[in-house]
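Chains A and B supply the protein sequences, listed in that same order. Heads up: the first sequence begins at 1 in our numbering, then just goes up one per residue. Heads up: the second sequence begins at 1001 in our numbering, then just goes up one per residue.
Each hint should be verified, as a subset may be incorrect.
[Unchecked claim] Have a look at the derived ranges for each label pair, beta carbon to beta carbon:
{"id": "1", "chain 1": "A", "residue 1": "T5", "chain 2": "B", "residue 2": "E1058", "range": "39 to 49 Å"}
{"id": "2", "chain 1": "A", "residue 1": "P106", "chain 2": "B", "residue 2": "G1083", "range": "17 to 27 Å"}
{"id": "3", "chain 1": "A", "residue 1": "G40", "chain 2": "B", "residue 2": "I1053", "range": "44 to 54 Å"}
{"id": "4", "chain 1": "B", "residue 1": "H1072", "chain 2": "A", "residue 2": "I60", "range": "24 to 34 Å"}
{"id": "5", "chain 1": "B", "residue 1": "P1079", "chain 2": "A", "residue 2": "I51", "range": "36 to 46 Å"}
{"id": "6", "chain 1": "A", "residue 1": "I51", "chain 2": "B", "residue 2": "N1027", "range": "23 to 33 Å"}
{"id": "7", "chain 1": "A", "residue 1": "N26", "chain 2": "B", "residue 2": "P1112", "range": "19 to 29 Å"}
{"id": "8", "chain 1": "B", "residue 1": "N1057", "chain 2": "A", "residue 2": "K57", "range": "26 to 36 Å"}
{"id": "9", "chain 1": "B", "residue 1": "V1078", "chain 2": "A", "residue 2": "G16", "range": "50 to 60 Å"}
{"id": "10", "chain 1": "A", "residue 1": "N53", "chain 2": "B", "residue 2": "N1096", "range": "16 to 26 Å"}
[Claimed, not checked] Below, in silico cross-link-like pairs of lysine-lysine (BS3-like), each with a Cα-Cα straight-line distance of 27 Å or less:
{"id": "11", "chain 1": "A", "residue 1": "K83", "chain 2": "B", "residue 2": "K1005"}
{"id": "12", "chain 1": "B", "residue 1": "K1054", "chain 2": "B", "residue 2": "K1005"}
{"id": "13", "chain 1": "A", "residue 1": "K57", "chain 2": "A", "residue 2": "K70"}
{"id": "14", "chain 1": "B", "residue 1": "K1068", "chain 2": "B", "residue 2": "K1056"}
{"id": "15", "chain 1": "A", "residue 1": "K57", "chain 2": "B", "residue 2": "K1054"}
{"id": "16", "chain 1": "B", "residue 1": "K1005", "chain 2": "B", "residue 2": "K1111"}
To be clear, the hints were calculated from the coordinates, so they are not data collected in a lab. Ideal Cβ positions, reconstructed from N, Cα and C, are used throughout, including at glycine.
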Amino acid sequence: DGGITQSPKYLFRKEGQNVTLSCEQNLNHDAMYWYRQDPGQGLRLIYYSQIVNDFQKGDIAEGYSVSREKKESFPLTVTSAQKNPTAFYLCASTGTGDVNEQFFGPGTRLTVL
Amino acid sequence: DQQVKQNSPSLSVQEGRISILNCDYTNSMFDYFLWYKKYPAEGPTFLISISSIKDKNEDGRFTVFLNKSAKHLSLHIVPSQPGDSAVYFCAASGRNNNDMRFGAGTRLTVKP
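Construct the entire structure; sequences and hints are all you get.
Here it is, written out as structure tokens:
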């Protein structure tokens, strides 16, 4: 079954700690994205990657880092520099070409204690 | 700067009636518009889209209307079913996926 998986579903972190959110896809998609969702706001783009070993900052990249060593994987690290990391994080992917609908994972809810 | 706005955070309709979800955008460079549906504890799933060269696109019970002069689009669901109860996100994009902007969502409740 093709799709996107994110783990863990819930994550708790102490202030000052870095934490890495996993995102894996088996859709053979070139492009992958990380979004953040806060209550009352739309999804905001953190980072995106259009091809392996390349990624670009989105609108709210500060305090986050990513890597794209494999086509299937696009992990997101929330660093201690992120001032307000508690949020719902969504990973997505899409095929190349014109604008396509994005396929989303189930999300990870991160809570900073 | 919210370029895509869904001004109604929630909407409640009776089963069998029409649901109309609205979305406004500010960027005239957007030319591709999408609706996503999200159930609790799941990621959004694509529902329907429309490009700027059209003013209507229909898929079963779902129809999206685009009014470019008003920078407004709407999603009509008819007839509404209880299983349609979810959060609906409007999204808009320019020429590529990296420009996609999402609204805050509208929570639709369809009462039996």
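Against the structure, the hints:
{"no.": "1", "hint": "A:T5 - B:E1058: 39 to 49 Å", "result": "33 Å, violated"}
{"no.": "2", "hint": "A:P106 - B:G1083: 17 to 27 Å", "result": "19 Å, holds"}
{"no.": "3", "hint": "A:G40 - B:I1053: 44 to 54 Å", "result": "33 Å, violated"}
{"no.": "4", "hint": "B:H1072 - A:I60: 24 to 34 Å", "result": "27 Å, holds"}
{"no.": "5", "hint": "B:P1079 - A:I51: 36 to 46 Å", "result": "44 Å, holds"}
{"no.": "6", "hint": "A:I51 - B:N1027: 23 to 33 Å", "result": "26 Å, holds"}
{"no.": "7", "hint": "A:N26 - B:P1112: 19 to 29 Å", "result": "38 Å, violated"}
{"no.": "8", "hint": "B:N1057 - A:K57: 26 to 36 Å", "result": "33 Å, holds"}
{"no.": "9", "hint": "B:V1078 - A:G16: 50 to 60 Å", "result": "52 Å, holds"}
{"no.": "10", "hint": "A:N53 - B:N1096: 16 to 26 Å", "result": "19 Å, holds"}
{"no.": "11", "hint": "A:K83 - B:K1005", "result": "26 Å, holds"}
{"no.": "12", "hint": "B:K1054 - B:K1005", "result": "21 Å, holds"}
{"no.": "13", "hint": "A:K57 - A:K70", "result": "18 Å, holds"}
{"no.": "14", "hint": "B:K1068 - B:K1056", "result": "11 Å, holds"}
{"no.": "15", "hint": "A:K57 - B:K1054", "result": "32 Å, violated"}
{"no.": "16", "hint": "B:K1005 - B:K1111", "result": "25 Å, holds"}
Figure legend: structure checked against the earlier numbered hints; hints not met, in rising order: 1, 3, 7, 15.
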